[in-house]
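*Asks:* For the record, the sequence lines run as chains A and B. For the first sequence, the numbering used here gives the first residue as 1, with consecutive numbering after it. For the second sequence, the numbering used here gives the first residue as 1, with consecutive numbering after it.
FYI, nobody ran anything at the bench for these hints, they're computed from the structure. One or more of the hints may lead you astray.
[Claimed, not checked] When the alpha-carbon atoms are kept at most 25 angstroms apart in a straight line, the in silico PhoX-like pairs for lysine-lysine are as follows:
#1 A:Lys74 with B:Lys74
#2 B:Lys151 with B:Lys74
#3 B:Lys74 with B:Lys146
#4 A:Lys57 with B:Lys57
#5 A:Lys74 with A:Lys182
#6 B:Lys146 with B:Lys182
[Claimed, not checked] Residues from chain A that face chain B, not an exhaustive set, calculated with beta carbons under 8 angstroms:
#7 Glu20
#8 Leu25
#9 Arg89
#10 Ser100
#11 Tyr167
#12 Thr171
#13 Val175
#14 His176
Idealized CB from N, CA, C, for every residue including glycine.
There are 2 protein chains.
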Amino acid sequence: MSEPKSTHIRWHGANVDRNEREALLGQRGCVVWFTGLSGSGKSTVSRRVEQLLLERKVVTYGLDGDNLRFGLNKDLGFSAEDRSENIRRVGCVAQLFMDSGTVTLTAFISPYQRDRDAARALVGAERFVEVFVDTPLEVCESRDPKGLYKKARSGEIANFTGISAPYEAPTAPEVHLLTDGKTVDASAQEVVDYLETRGFLEA
Amino acid sequence: MSEPKSTHIRWHGANVDRNEREALLGQRGCVVWFTGLSGSGKSTVSRRVEQLLLERKVVTYGLDGDNLRFGLNKDLGFSAEDRSENIRRVGCVAQLFMDSGTVTLTAFISPYQRDRDAARALVGAERFVEVFVDTPLEVCESRDPKGLYKKARSGEIANFTGISAPYEAPTAPEVHLLTDGKTVDASAQEVVDYLETRGFLEA
Numbered sequence: 001m002s003e004p005k006s007t008h009i010r011w012h013g014a015n016v017d018r019n020e021r022e023a024l025l026g027q028r029g030c031v032v033w034f035t036g037l038s039g040s041g042k043s044t045v046s047r048r049v050e051q052l053l054l055e056r057k058v059v060t061y062g063l064d065g066d067n068l069r070f071g072l073n074k075d076l077g078f079s080a081e082d083r084s085e086n087i088r089r090v091g092c093v094a095q096l097f098m099d100s101g102t103v104t105l106t107a108f109i110s111p112y113q114r115d116r117d118a119a120r121a122l123v124g125a126e127r128f129v130e131v132f133v134d135t136p137l138e139v140c141e142s143r144d145p146k147g148l149y150k151k152a153r154s155g156e157i158a159n160f161t162g163i164s165a166p167y168e169a170p171t172a173p174e175v176h177l178l179t180d181g182k183t184v185d186a187s188a189q190e191v192v193d194y195l196e197t198r199g200f201l202e203a
Numbered sequence: 001m002s003e004p005k006s007t008h009i010r011w012h013g014a015n016v017d018r019n020e021r022e023a024l025l026g027q028r029g030c031v032v033w034f035t036g037l038s039g040s041g042k043s044t045v046s047r048r049v050e051q052l053l054l055e056r057k058v059v060t061y062g063l064d065g066d067n068l069r070f071g072l073n074k075d076l077g078f079s080a081e082d083r084s085e086n087i088r089r090v091g092c093v094a095q096l097f098m099d100s101g102t103v104t105l106t107a108f109i110s111p112y113q114r115d116r117d118a119a120r121a122l123v124g125a126e127r128f129v130e131v132f133v134d135t136p137l138e139v140c141e142s143r144d145p146k147g148l149y150k151k152a153r154s155g156e157i158a159n160f161t162g163i164s165a166p167y168e169a170p171t172a173p174e175v176h177l178l179t180d181g182k183t184v185d186a187s188a189q190e191v192v193d194y195l196e197t198r199g200f201l202e203a
């Protein structure tokens, strides 16, 4: 490698690109975008997918409310505008992780089709896997792990998806998980199988 | 692995954690934060570091204006407030990449000590490496790769760091690169050597 000795000439170093990173990692970057109602099992299935992929030595990273709402998106609330900005930023960060060669999993309610479509466009459709975690509202509400449905029904929480705010179900998700009566493992395996079929698990 | 068959019981899957990712990758996540004037060589040195690390099979990712200003931070301008928000978001995203086990390189002017300190606090001091790319203003201005200094001197660009806006030089950077008269390779190697000494290049 030769380069000018004078620092007065700017040496435009080429970026290490995605192909090189993917060859090193032995996998292809993608975004696995889980969407569904609160309590549908997005995070739970997503985490199980991460564990299954770790066993196969696939490098993953999960983005969810736990690591974004208290950091990057801590300035955002739950108005329609803030929800859209929240999902816009998630999409941008997911795109960066995809570009790094990581199998990136996001778990957000993301109730609006236009926001999910924007994320798909940003990431690139060929690297975007929309996973609809389709769990009936009554099942989600009976789980109510954080007591949020109860608060939504009483009016203590406004704009709650499925109760007082819309959820626009995906019309053409890459993976449609009908979770009711199915184990977490079975749902997670369905996602892993799809990723394998699409060739993301090897470079 | 046993788990409840009823989907009415929420199975709290454990996250794959950073230790597991780092063991898989054979390295430790960190943030290498390049700071310096426009034209000082932040991006150039950072890219060369990435190449040197790739040769050693270390997984890296670089964050810079090219992949953030047009995506995540496209809503931000160059006022003092927007610059701080820009750097806050960069710090948050860098923290996520660090948490993923990646050797993360950021290349932003980041002129304010308080913003760099905030990034350090967010990432965790033990995982944060501040690299001061210390190139004399007259050298940066003579390079002027994008013609920005010329526009700043003529007043066409306001609030330009080093000309019409302050640059607060780091007082205690982990790596202090005196780049003048040194090759890009030599500067980059200095950073790599430091990362090796700190144990980031193996798990």
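*Asks:* Hint compliance check: list the failing hint numbers for this structure, sorted ascending.
*Replies:* 5, 11, 12, 13 and 14
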